[in-house]
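Trainee: Chains as they are written, first to last, in the working numbering: chain A, 347 to 692; chain B, 347 to 692; chain C, 347 to 692; chain D, 347 to 692.
Simulated from the structure, these hints should not be mistaken for laboratory data.
Be a bit skeptical, because a hint or two may be false.
For chains that are exact copies, the list does not tell them apart, and a pair is met inside one copy or across any two.
Capping the alpha-carbon separation at 25 angstroms, the derived lysine to any residue pairs in SDA-like fashion look like this [unchecked claim]:
#, residue 1, residue 2
1, LYS469, ALA432
2, LYS469, ALA577
3, LYS469, GLU572
4, LYS469, ASP652
5, LYS378, THR642
6, LYS409, GLY389
7, LYS378, LEU692
8, LYS617, GLU405
9, LYS617, TRP403
10, LYS409, PRO629
11, LYS544, GLY360
There are 4 protein chains.
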Amino acid sequence: MTDPLRVAVVGATGYAGFELARLLLRHPRIEKPVFYLREGHAGVRCLTELYPQLRGWGEAPCKPLSVEAVASSGAQVVFLSTPHEASLELVPALLAANPALRIVDLSGAYRFRSPETFAHWYKLAAPDSATLAEAVYGLPELYADALPAARLVANPGCYPTSVILGLRPLVQAGWINTARGIVCDCKSGVSGAGKEPKRETHFVEVNENFRAYGLFTHRHTPEITEHSGLAPESFIFTTHLLPVERGILSTLYMWLNPARRADEIEALYRKSFAARPMVRVLPHGRLPELQHVTHTNFCDIGFALDPAGERLVVVSCLDNLGKGAAGQAVQNMNRMWGYPETAGLL
Amino acid sequence: MTDPLRVAVVGATGYAGFELARLLLRHPRIEKPVFYLREGHAGVRCLTELYPQLRGWGEAPCKPLSVEAVASSGAQVVFLSTPHEASLELVPALLAANPALRIVDLSGAYRFRSPETFAHWYKLAAPDSATLAEAVYGLPELYADALPAARLVANPGCYPTSVILGLRPLVQAGWINTARGIVCDCKSGVSGAGKEPKRETHFVEVNENFRAYGLFTHRHTPEITEHSGLAPESFIFTTHLLPVERGILSTLYMWLNPARRADEIEALYRKSFAARPMVRVLPHGRLPELQHVTHTNFCDIGFALDPAGERLVVVSCLDNLGKGAAGQAVQNMNRMWGYPETAGLL
Amino acid sequence: MTDPLRVAVVGATGYAGFELARLLLRHPRIEKPVFYLREGHAGVRCLTELYPQLRGWGEAPCKPLSVEAVASSGAQVVFLSTPHEASLELVPALLAANPALRIVDLSGAYRFRSPETFAHWYKLAAPDSATLAEAVYGLPELYADALPAARLVANPGCYPTSVILGLRPLVQAGWINTARGIVCDCKSGVSGAGKEPKRETHFVEVNENFRAYGLFTHRHTPEITEHSGLAPESFIFTTHLLPVERGILSTLYMWLNPARRADEIEALYRKSFAARPMVRVLPHGRLPELQHVTHTNFCDIGFALDPAGERLVVVSCLDNLGKGAAGQAVQNMNRMWGYPETAGLL
Amino acid sequence: MTDPLRVAVVGATGYAGFELARLLLRHPRIEKPVFYLREGHAGVRCLTELYPQLRGWGEAPCKPLSVEAVASSGAQVVFLSTPHEASLELVPALLAANPALRIVDLSGAYRFRSPETFAHWYKLAAPDSATLAEAVYGLPELYADALPAARLVANPGCYPTSVILGLRPLVQAGWINTARGIVCDCKSGVSGAGKEPKRETHFVEVNENFRAYGLFTHRHTPEITEHSGLAPESFIFTTHLLPVERGILSTLYMWLNPARRADEIEALYRKSFAARPMVRVLPHGRLPELQHVTHTNFCDIGFALDPAGERLVVVSCLDNLGKGAAGQAVQNMNRMWGYPETAGLL
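This is chain A alone, in the form it adopts within the complex (with noise of 0.2 angstroms):
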């Protein structure tokens, strides 16, 4: 066994950086993981401070974040579970500062190829477009290979993570009519939207309570397109609250030609991800189901076809915070380092 990997976490104060901390502090490859808090958080020495319930589960030392300090603290891998507008500056500084460094972004600013699709969905200033280039899009399931060696790893959205994978194979064979359209309606737990109290998240008007948002300007329709190769005007994507801590499940139509079997389209989807240990594909006529992902690194898939072959549903199912966040930037890493992509996450 090769040494224990050195990894700083640069934000640990939401859900997501909550989530990968409790993943890193039972990872077996790495050593004791520090933690950089950003302003707001100056005196807190230890993760236990902040969550008491991490008592128990080994040391989470923390220290106040600056670009010097996290560069020169001897890790190898930086996880920066920061909102957009501090990664855009993280990251090129941590990279000037420390050209080692590798880094796996979980925020939404360098998932673009173009910097202005950022600017524009996101309405902030555009990534540095040197540093933008030598992003990888971290679904290990689409771009395996350039993970190796990849310096700056941009973690993917939850949403785009459980539809990119329900689609891609279906697209990449060609057995969409895209000229139908396709539909992706998604539904996602409470944790996904953050950990700061708003009317939107009280119990109360959670509670006994779902209903769509953010229809037709939600951010993640950009990045849904460019990794599953839709046209924008062909498909529509909605986004539900549900009334549950974690979990997203998307139900994704379209019309097939020609008809297919359901199982050509079970087996097309096994040989996609027959490499991927982290995707479940489900023997046709069985659906995947929210509890059956929650706290797990996996995604599920499963269908429905009509018996004319033509009409497909397609349910994907994964937790936000795990596969969807916090689980997918450690296989993120594990990918990196040449680990198994399962190690930690089982």
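Using the hints, position chains B, C and D against chain A.
Mentor: Showing chains B, C and D alone in chain A's frame:
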């Protein structure tokens, strides 16, 4: 004010039946309703024996069910909150025994124009053709004029009510590009799955969970196509189980041809439901949510249109026990007797 | 029937205020209520702008709050659904401006006999002594006779209502061995924690969670001792946060001296509440549950006694927004005006 | 590192059994566990057939149950996750067939010193006296020294674990004024009620609900008194059903004599559990909450003391499927085999 109406209810032991009991006990135009219970509840004298939470709400006398007892009870309206099989037999028997009776049947037995449609989708005997011929589909927003003279009203299913109300104005106006297909992604609370304990309704299996079910096989499918006016092959209808007690939210996807402006669409809905107080059309830009309709008889409809005016998402939302079952049954009764549609429902 | 009552409501933006609005809009004895909103809602003309779910329920006009506007509005009853600080000032000001007004105050400002008790537990200024002297504690089951003449009614807290109704008959009868102490273990839904978003009410922090809070410091403590007649040092009162929207269930523990039979205890409760329709005493052997009282104004009381007749557990259960706040306020109004206590509450 | 342990599990179809399977499949010290299923699951070859969510976690072979098959399987430890009746018979039969076996029984059959206690409270046959005589009550925090040599371990009930751990240090120190009585108000999630669908576990009956049950009749009562050292007549134990999947929170009330300071109490708990890593004593002023222990094997203990130092409220909190069942069973196995108590549990 006219004399109070005399009402009988057959079957009040399911969730819809209990909701019906609650509505009838506080309805201003009816006399004390009498409940006829089927076997298994022989000794019950009062509904509070089954539902202690009804104590203090008024008398709810119970009697053993027989066709003779109901037919000769003096009741003017009979609500059947019974399984499909029971309604298949009870409706003709009651009308034969007392031709002056008027029946609102909450089962699926008399909802289809053709007896074969029911027999095929429900795997049961076909309903009697003559009886079926006089049945009116009890969606007051579509068949308001047929209800005052109806002797038999087939109360719609919960999913169909939400989908048909959302689609019918657009179908009738001919605005939808049906060649591209229509997707109906529907989500329902657990009370829609019935009161009988089973694995699928165990708290631990539903809570913090979400899943699709009944794909391409749900028996509400033909009800939707028949009354919305869509061709079966042009649409996909899916259902999902929400971890909430009650409520249905249907997200309806379509492409328009030619493109439309949002104000045109809002105006179309407003005109369609101008005289129908139980449908609330939301102003463009606002979307309905479950909490706003649960414990009410309203169906709320909102929509979002893409900037090109071509891709349209309609959201239709109601309480599956209210407008989707018991409330709608009372609304039908109101319409049959010339009461305001909202009587006893606000 | 007498002329309809003219009603004003100050503050309707919290959960209790909204519940009050719903109750008043459907109350058979009152005219269209007028809502006076505090700063921050200056331009609101109608409550449906804040609560779209009220569309279709009737007019709910809003006006900016000023003492003059309310005092000269013609309203006969004013409900104050305002913070303690606001009520402290509004009550004397309104009574000075229009001595004929009658006020039901939902805050804690006027609930205690001594001004110092309020000042001490609420860390606020003491209420005006003269005003306080005429306040009636609005628990109709205890102070039914004082309400018809009251000009100022202090609507009780939610926890105290459930605890006092459960304990008062036994304390008054002298059956409890108070030397051993009484334990009140109370659990409440989240709407009791108010509408303002904060970490403690974030869905993710409440859902699938449960915790105790406010031990030995909850400001409902003196309200309970004062009106139940218990010595502060002889009892322990704790509160817990349930992952539900609404409802309080209080489990009350005591030792009896001498031992009693279950039928004696049931008879004592029945006699105590014989004339009070909003308390439902359950037959011995049945225990109340939250679902049976939520969305109602009932307080359900049941108990279990050990075989020796010495250890008694009483369970008292109500809706914190109903009998614990808005419903009780309406019940107080009914009692003040000689209407049936249940008017508008069934 | 020693050779991996060979493990058999009888019964894995309930919630505790499934949790046990998950823990054993990822335990670092054991070989692939073998699952012996009782009748009704004859043809099942692999646990993933029953639990598709286990796909990807490793092999979980299943075999039909017979005493001979288990006794000759080579397994060194057998976990019985079986009903009380089944354990009553299986334990002596397995020990007779293979005296070298060591058994952890999750049922209630061997938890009491006297066979009559079990027979009386469980309404079943008394366990075999000789077998019972060698049973060790599997609460490692109390009986750590007896476990390494134990051949039969009776895994404790979920409620008793939380109550005994909260009370035992105080009882042993003699600090409680037992003459005044002790109240144990306990709340549990629904998985504790078992997997069989019944009215009490239907989602609609549990969701947005809360109720007490089993007052003065719960069969965990004698387990608590026997192992905490309390006299039955001096305490009251009640249980309530929380609308959550998992977790128990017990609020324990007592009067101290003489009065104590908070730091004394904290020190007593810390000393009592200094060598026991699965109990986390919270600093004075912090109280445990369910979310911090669910999906873990920790029992968190906190307390609040009144200013006079006389009234003490202790809150003890654990996961009913973790420290309350399957996790504790694994902890017992760890202790029996000399592994760290936390092995496979972090």
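Trainee: Next step is simple, just say for each hint if it's right about the structure.
Mentor: Right, here's what the structure says about each hint:
For a Cα distance limit of 25 angstroms, the shortest separation of LYS469 from ALA432 inside one copy, 14 angstroms, qualifies, whereas the shortest one across copies, 41 angstroms, does not. Only within a single protomer do LYS469 and ALA577 lie at most 25 angstroms apart by alpha-carbon distance; the minimum there is 22 angstroms, versus 43 angstroms between protomers. In this homomeric assembly, LYS469 and GLU572 come within 25 angstroms of each other (Cα to Cα) only inside a single copy, at 19 angstroms, whereas the closest approach across copies is 46 angstroms. In this homomeric assembly, LYS469 and ASP652 come within 25 angstroms of each other (Cα to Cα) only across copies, at 19 angstroms, whereas the closest approach inside a single copy is 42 angstroms.
For a Cα distance limit of 25 angstroms, the shortest separation of LYS378 from THR642 qualifies both inside one copy, at 22 angstroms, and across copies, at 21 angstroms. With identical chains, the CA atoms of LYS409 and GLY389 are at most 25 angstroms apart within one copy only, with a shortest distance of 8 angstroms there and 48 angstroms across copies. For the homomeric pair LYS378 and LEU692, the shortest alpha-carbon distances inside one copy (19 angstroms) and between copies (15 angstroms) are both at most 25 angstroms. Taking identical chains as interchangeable, the C-alpha atoms of LYS617 and GLU405 lie at most 25 angstroms apart only when they sit on different chains, with a minimum of 22 angstroms there against 42 angstroms within one chain.
Only between protomers do LYS617 and TRP403 lie at most 25 angstroms apart by alpha-carbon distance; the minimum there is 20 angstroms, versus 39 angstroms within a single protomer. Taking the closest pair of Cα atoms, LYS409 and PRO629 come within 25 angstroms of each other only across two copies (23 angstroms); inside a single copy the shortest separation is 48 angstroms, beyond that limit. Taking the shortest Cα distances, LYS544 and GLY360 sit within 25 angstroms of each other both inside one copy (14 angstroms) and across copies (15 angstroms).
The structure agrees with every numbered hint stated previously.
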